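Visitor: Letter by letter, the chains look like this.
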Amino acid sequence: MRRRPGYCHGGGRALLEPGWPLIHFENVGLRYGMGPEILRDLTFDIPRRSFQFLTGPSGAGKTTLLRLLFLSLQPTRGIIRTFDREISTIPRDELPMLRRRIGIVFQDFRLLDHLTTYENVALPLRVRGKEEASYRADVLELLKWVGLGERINVLPPVLSGGEKQRAAIARALIDRPELLLADEPTGNVDPPMARRLLSLFLELNRLGTAVVIATHDLSLMDQVEARRMILSQGRLDIYD
Amino acid sequence: MTDAPRETAETAAPARRPEMRVRPTAPIVPPANVSGRALMFVIAIMAFLACLTFGAVSMVRATAASWQSQISREITIQIKPDDNLDMEQALKDARDLALTFAGTRDGTIVDKAATARLLEPWLGEGLDIDELPVPRLVIVTIDEQSPPDFSAMRKALSEKIPQAFLDDHRTWVDRLVAMARTTAFIGTGVLVLVFSAMVLTVVFATRGALSGNRHIVEVLHFVGAEASFVASEFQKHFLLISLKGSFAGGFLAALFFAIAGFWQGRSIATPQSDQATALFGTFSMGFTGYLGIVATMVVIAILTTLTARFTVMRTIYEIDLVRSDPSRTDQLPDT
Ligand SMILES: Nc1ncnc2c1ncn2[C@@H]1O[C@H](COP(=O)(O)OP(=O)(O)O)[C@@H](O)[C@H]1O
Ligand SMILES: [Mg+2]
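Chains as they are written, first to last, in the numbering used here: chain A, 1 to 240; chain B, 1 to 335.
Calculated from the structure, these hints are not laboratory results.
Model, not experiment: these values are computed from the prediction.
Backbone N, C-alpha and C define an ideal beta-carbon position, used for all residues, glycine too.
Some hints here could point you the wrong way.
Examples of chain A residues lying across from chain B (beta carbon under 10 Å, computed) [unchecked claim]:
1. R92
2. L95
3. L98
4. L111
5. Y118
6. P124
7. V127
8. R171
9. Q233
10. R235
Input sequences plus hints: build the corresponding full structure.
Guide: So, in structure tokens, the structure goes:
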């Protein structure tokens, strides 16, 4: 196996962008408490507008790496630069502003049970102080796109696993983030729906969002030529 | 809540509607849940108790103050009968003498009929005052603010009418003042205790009600809400709960006083009611009473809102603390 730090600048478009990648990891290591190092010496970039799968066996640290990317965990050692800011120097009250540029799909969805599908998906816009009238059409259109057009007034406890998943994805996409992180986003859906969701991610990527999909679903990864980041035993191998 | 797809629910979806209508946007914090109702109930109870205590204590304090002032507003001149004394003349003289002193206002001679009435409980009806050696009284009202010189008055009286005796109720007033002070002090102590209990209960009940909402704080935080936004959503919610609760409690307390006052008014002649009135004063919610209820509501509202704000801020702080300290992994999001 060939291991190299994957520096990749998404083709010619990179020339139009500022020089720095969205995310830059340098010799990053992470351990939980006194435990073993889950991630070791990670050095890589997530370029703007890139599309990649993050894969590896269960327990390899995919979710942990996504937490680092989402700024909800700081590394035990090494440097992470997010949107050209070194994350150890970012004050707490600036985190929300940075998180607004990142969409995330949690493995357990984290929908609010007292809000309808529509309200859950609209939540990121609502917390940004936007008026409901200004986003209603967009939210409804996105819900139709992910196949939840008939479920907009339903509360999450009534949704099936696959529907919850799609609602969680829609919530992550709604504000057109610069970076989308998804943890096993096709874990609860059948292959046709998985393909549909994948094409949604690709479409979003075409519109300019960098996408990181953590998955161990090989058939999903076989459907697209994309960068693969493979975690095993705490190390990361990148295949462009 | 990972999988368990409910295909039945999915297929039972309402179909074929051209333009789906969206319900009016629900508040971010769920409006009614079990812990919220429990909090409202606790607040209502505490507000009721606090208002009741406030009302009772201010009533007792007012009564204690009035004992004191009523008694010290009067002095009495007692004239013992004597064979070579013209009682009626002596009474007049005593009254006129007393009224020459600055600080007196008014003098009344208790006439024979009134004296007989006063003695009725002891001596029975239909007695002839002239037959008995009963002392007679002159009641002089005085200006509490600048009372007359009692010892000078006493001296002048004994010079003119040796049978006269001046009682300025000094001993009584001193005792009553001491008792009133003790009563007011105890009342204030009870009020402080009840209010402290209220403060603690409201703070802890609010925190308890919030603990069930941690996941909401987390989700809001992770979809990019600023801490102040999250806090204000929860503040609004808890302000409403506390206003509802404290209004109910305060209203019940006011109602209690109204009913008690009504009962007292209806049964004004009965010995029980007279005793209650003498001891506790009249049950009436004066302006201060309502002011106290409103003040209690304001205190509870501020307490609940601040507690909600503080707790939410603290929760967010803890979530972010995990970020900078990977050894604190207990509250990590399950990405
Ligand atoms: N909050 C945590 N505290 C302690 N250890 C954790 C925590 N989360 C994950 N781990 C450990 O880190 C390793 C990687 O977990 P994870 O990132 O969830 O892997 P993956 O998502 O690839 O299955 C596992 O051994 C897991 O036990
Ligand atoms: Mg995982």
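Visitor: Please write out, lowest number first, the hints stated earlier that are contradicted by the structure.
Guide: 9, 10
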